[in-house]
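Participant: I would like the entire structure built from these sequences, with the hints used as guidance.
First to last, the protein sequences are chains A and B. Here the UniProt record's numbering is used: the first residue of the first sequence is 1, the next is one more, and so on. Here the UniProt record's numbering is used: the first residue of the second sequence is 1, the next is one more, and so on.
The reader is advised that the hints may include incorrect statements.
Label-pair restraints from in silico Cβ distances [unchecked claim]:
no.	chain 1	residue 1	chain 2	residue 2	range
1	B	ASP223	A	HIS309	40 to 48 Å
2	A	GLU10	B	ASP223	34 to 42 Å
3	B	PRO21	A	LYS270	44 to 52 Å
4	B	LYS198	A	PHE296	25 to 33 Å
Pairs of lysine to any residue, SDA-like flavour, derived with a Cα cap of 20 Å [what the hints assert, rightly or not]:
no.	chain 1	residue 1	chain 2	residue 2
5	A	LYS202	B	VAL260
6	A	LYS270	B	ALA184
7	A	LYS176	A	HIS15
8	A	LYS202	B	ARG192
9	A	LYS270	B	GLU220
10	A	LYS270	B	LEU196
11	A	LYS32	B	SER156
12	A	LYS270	B	ARG263
13	A	LYS176	A	GLU133
14	B	LYS198	A	VAL266
15	A	LYS202	B	ARG267
16	A	LYS270	B	ASP186
17	A	LYS32	A	SER53
18	B	LYS198	A	ASP274
19	A	LYS202	B	ARG263
20	A	LYS202	B	ALA184
21	A	LYS202	B	GLU199
22	A	LYS202	B	ILE258
23	A	LYS150	A	ARG95
24	A	LYS270	B	GLU199
25	A	LYS176	A	GLN116
26	A	LYS202	B	PRO272
27	A	LYS176	A	ARG95
28	A	LYS202	B	VAL187
29	A	LYS270	B	VAL260
30	A	LYS176	A	HIS157
31	A	LYS327	A	THR303
32	A	LYS270	B	VAL187
33	A	LYS150	B	SER273
34	A	LYS270	B	ARG267
35	B	LYS198	A	GLU273
36	B	LYS198	B	ALA184
37	A	LYS202	A	LEU147
38	A	LYS295	A	VAL266
39	A	LYS295	B	ALA184
Don't read these hints as lab results, they were simulated from the structure. Even glycine gets a Cβ: it sits at the ideal position worked out from N, Cα and C.
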Amino acid sequence: MSAAPLLQVEDLKTHFFLGTARPFGSGRRLLKAVDGVSFSIGAGEVLSLVGESGCGKSTVGRTLTRLETASGGTARLDGREILSLSQAEFRPLRREIQMIFQDPFASLNPRLTIEQTLAEPLRIHGLAQTRTEARALIAETLQLVGLDPKVMERYPHEFSGGQRQRIGIARVMILKPRLVIADEAVSALDVSIQAQVLNLIKDLQRDSGVSMLFISHDLGVVRHISDRVAVMYLGRIVEIGTRADIFDRPSHPYTRLLLSSIPRIVPGRKRVEDLGEPANAASPPSGCAFHPRCKFATDICRTTQPPAHAVDTGHLSACHHIEALQKDLA
Amino acid sequence: MALLEVKDLAIAVAINGRLVPVVRGISFEVEAGTTLGIVGESGCGKSLTSLAIMGLLEGSQVRITSGSIVFDGQDLLALPPERRRAVMGADMAMIFQEPMTSLNPVYRVGDQITESILQHRRISRAQARERAIELLRLVRIPDPEGRIDSFPHQLSGGMRQRVMIAMALACDPKLLIADEPTTALDVTVQARILDLMKELQAETGMAIMLISHDLGVIAETCDTVAVMYWGKIIETAPAAELFADMAHPYTRGLLASIPVTDREVDRLEAIPSRVPLIGETVTGCAFHPRCGRARPVCADIDPAAIAVSPSHSARCHFPGEDSA
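Facilitator: Take a look at the structure:
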């Protein structure tokens with residue numbers, strides 16, 4: 001990429017203390033939910049973070065929107081560091097970084113009409129001076145997400161899950177953000193509705209040119225929506241590359257295990273052997289966190305965390321045994 | 001005779017004193033040693049069907065309004081409650097989606113397994129504990145002698161679902177009903193639980209009724225598949241036949257809406273609009289407002305099941321046709 005990326009995240013860390021505090025801070029265990037994550041997102045680009053429960057993918061999104069406090073690292077939006085800003089300094093940036101959540105039932109206030117729900121962000125960010133102006137913007141945005149502007153007078157309970165998620169998307173798009181963080185945005189929807197909402201997100205993203213961090217556990221959805229993909233395991237990115245890199249030339253044993261575990265309609269896939277149990281982020285294995293499950297693991301994997309190796313331009317894999325892995329694919 | 005025969009089963013929910021139909025006359029069979037998959041989206045009636053078979057609807061707002069459920073030669077709906085409870089849990093067992101909420105958090109897993117054994121078997125507590133350890137070993141839980149004294153919160157989601165399966169298998173059931181057993185689990189854990197269920201079926205010869213919204217899970221595990229839409233089975237066939245040639249436009253639409261990892265498409269072929277609401281009136285075929293193949297007859301007449309082959313039928317006036 002020639003131009004500077006819109007978002008540049010370097011060595012991001014988000015650590016939590018588990019349990020209750022004791023005097024002198026003793027006895028509290030540290031949970032490294034995110035432990036040194038680096039990636040960039042270009043203007044108009046969709047990067048997906050994919051991984052299983054507890055890998056830290058949601059924490060990355062929540063840290064970038066300042067819902068969690070970073071323990072280390074930097075994140076630059078257009079060159080400006082955002083993690084060290086005070087909440088007051090960060091407030092104007094909230095319009096530019098917006099989040100779509102998973103649960104369309106929990107993320108809308110049941111006591112507000114759709115008009116009130118969508119007018120609130122406009123008011124907070126001073127984007128509409130009069131109610132007429134606000135209503136015009138709301139009507140326009142509702143049409144954009146495929147809803148009739150007449151729904152403005154109605155309350156969230158009158159809508160289905162798919163329609164509510166459209167309202168959630170409208171609430172984000174009405175602010176014309178530069179970066180949208182979508183956290184499992186279609187996971188709660190039935191598959192026929194999920195397809196409608198995914199198509200909508202893809203259209204809106206293309207038409208508006210907004211950049212997107214798409215967080216999901218569903219590899220099919222990720223393949224459909226992303227330009228580039230980062231695979232996370234236990235707080236770290238184990239592989240990152242273009243969508244073709246990840247899906248056609250997976251170069252980390254964990255990525256291969258994930259891909260081969262998906263139940264397929266067309267039979268005949270070979271499943272990668274899973275030697276161990278999913279690890280717990282509160283007590284991660286030594287060295288490469290994936291080594292207890294990996295058939296390529298040797299002594300170095302048990303002691304040393306593998307750095308990211310370049311498999312190809314822009315395609316990185318944090319594995320000690322990339323050569324052995326590549327032979328295995330052939 | 002099949003192990004389980006469900007005939008014209010209809011279920012309704014009491015809403016404001018009115019009975020609103022949610023399962024509208026479904027019939028299917030499960031043969032011993034085989035797996036039937038029931039697939040459909042939220043509200044299609046798949047879970048209510050399984051709860052009806054297990055006798056878990058009593059005392060709720062939901063009633064069976066007609067039909068019969070014959071299990072192992074006995075009409076379950078005609079049995080007195082005590083007799084029915086003896087069948088349930090012994091010859092028939094069920095596992096649910098959420099292993100954390102199905103286990104009691106304040107009891108050790110071993111106590112929960114032995115409780116279900118002691119309900120149905122006249123053996124000593126020590127023998128029941130032995131049997132529980134054996135069951136934990138059967139479901140491939142490492143160190144079963146140690147894990148039997150764990151509390152549910154000390155186990156991972158996959159391990160908890162293994163405990164649920166162990167509990168279900170406690171009395172060697174002839175039928176295991178699994179309602180979205182892997183939906184709450186990560187994909188690598190799901191793969192292992194599905195493998196485990198297949199292995200256990202091969203070892204014990206039990207029949208499985210698997211309820212899922214996931215066509216991939218269904219394709220990988222089932223011998224026969226029934227697709228439900230708005231309270232009816234709209235297509236049924238052996239799995240291989242169904243996935244090779246879907247006859248109903250809803251089944252085809254469901255498949256086309258899934259984003260897959262094997263290929264890229266620019267746009268997903270979403271099914272337009274949504275499922276009718278419970279209590280909504282739809283004339284003709286319930287799917288016709290969303291159907292690309294719909295013609296005038298579809299809005300007037302609800303199609304009967306049409307055989308597209310001896311083992312494959314679809315409730316569609318124009319089965320197998322390509323959509324317009």
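Participant: Compare the structure with each hint and give your call.
Facilitator: Here's how the hints hold up against the structure:
1. ASP223(B) to HIS309(A): 40 to 48 Å: holds (45 Å)
2. GLU10(A) to ASP223(B): 34 to 42 Å: 52 Å Cβ-Cβ, so the 34 to 42 Å window is violated.
3. PRO21(B) to LYS270(A): 44 to 52 Å: Once the Cβ atoms are compared, 45 Å apart, the range 44 to 52 Å for LYS270(A) and PRO21(B) holds.
4. LYS198(B) to PHE296(A): 25 to 33 Å: Cβ of LYS198(B) to Cβ of PHE296(A): about 27 Å, so the range 25 to 33 Å holds.
5. LYS202(A) to VAL260(B): holds (16 Å)
6. LYS270(A) to ALA184(B): violated (24 Å)
7. LYS176(A) to HIS15(A): violated (32 Å)
8. LYS202(A) to ARG192(B): violated (33 Å)
9. LYS270(A) to GLU220(B): It holds: about 13 Å lies between the C-alpha atoms, which stays within 20 Å.
10. LYS270(A) to LEU196(B): OK: LYS270(A) and LEU196(B) at ~17 Å, within 20 Å.
11. LYS32(A) to SER156(B): Given that 20 Å is the threshold and the Cα spacing comes to 18 Å, the pair holds.
12. LYS270(A) to ARG263(B): holds (17 Å)
13. LYS176(A) to GLU133(A): holds (16 Å)
14. LYS198(B) to VAL266(A): Holds, because 18 Å separates the two Cα atoms, which is no more than 20 Å.
15. LYS202(A) to ARG267(B): holds (9 Å)
16. LYS270(A) to ASP186(B): holds (19 Å)
17. LYS32(A) to SER53(A): Roughly 14 Å separates the two Cα atoms, so the pair holds.
18. LYS198(B) to ASP274(A): Given that 20 Å is the threshold and the Cα spacing comes to 17 Å, the pair holds.
19. LYS202(A) to ARG263(B): Roughly 17 Å between the alpha carbons, so the hint for LYS202(A) and ARG263(B) holds.
20. LYS202(A) to ALA184(B): Violated, at roughly 26 Å.
21. LYS202(A) to GLU199(B): Violated, at roughly 41 Å.
22. LYS202(A) to ILE258(B): holds (15 Å)
23. LYS150(A) to ARG95(A): violated (26 Å)
24. LYS270(A) to GLU199(B): holds (17 Å)
25. LYS176(A) to GLN116(A): holds (18 Å)
26. LYS202(A) to PRO272(B): holds (17 Å)
27. LYS176(A) to ARG95(A): holds (8 Å)
28. LYS202(A) to VAL187(B): This hinted pair is violated, its Cα atoms lying about 25 Å apart.
29. LYS270(A) to VAL260(B): holds (17 Å)
30. LYS176(A) to HIS157(A): Status violated; Cα separation ~26 Å.
31. LYS327(A) to THR303(A): violated (24 Å)
32. LYS270(A) to VAL187(B): The given pair, whose Cα atoms are some 15 Å apart, holds under the 20 Å limit.
33. LYS150(A) to SER273(B): holds (18 Å)
34. LYS270(A) to ARG267(B): violated (28 Å)
35. LYS198(B) to GLU273(A): Judged against 20 Å, a Cα distance of about 17 Å means the pair holds.
36. LYS198(B) to ALA184(B): holds (19 Å)
37. LYS202(A) to LEU147(A): With a Cα-Cα distance of about 17 Å, the restraint between LYS202(A) and LEU147(A) holds, given a limit of 20 Å.
38. LYS295(A) to VAL266(A): violated (26 Å)
39. LYS295(A) to ALA184(B): Outside the cut-off at roughly 27 Å; violated.
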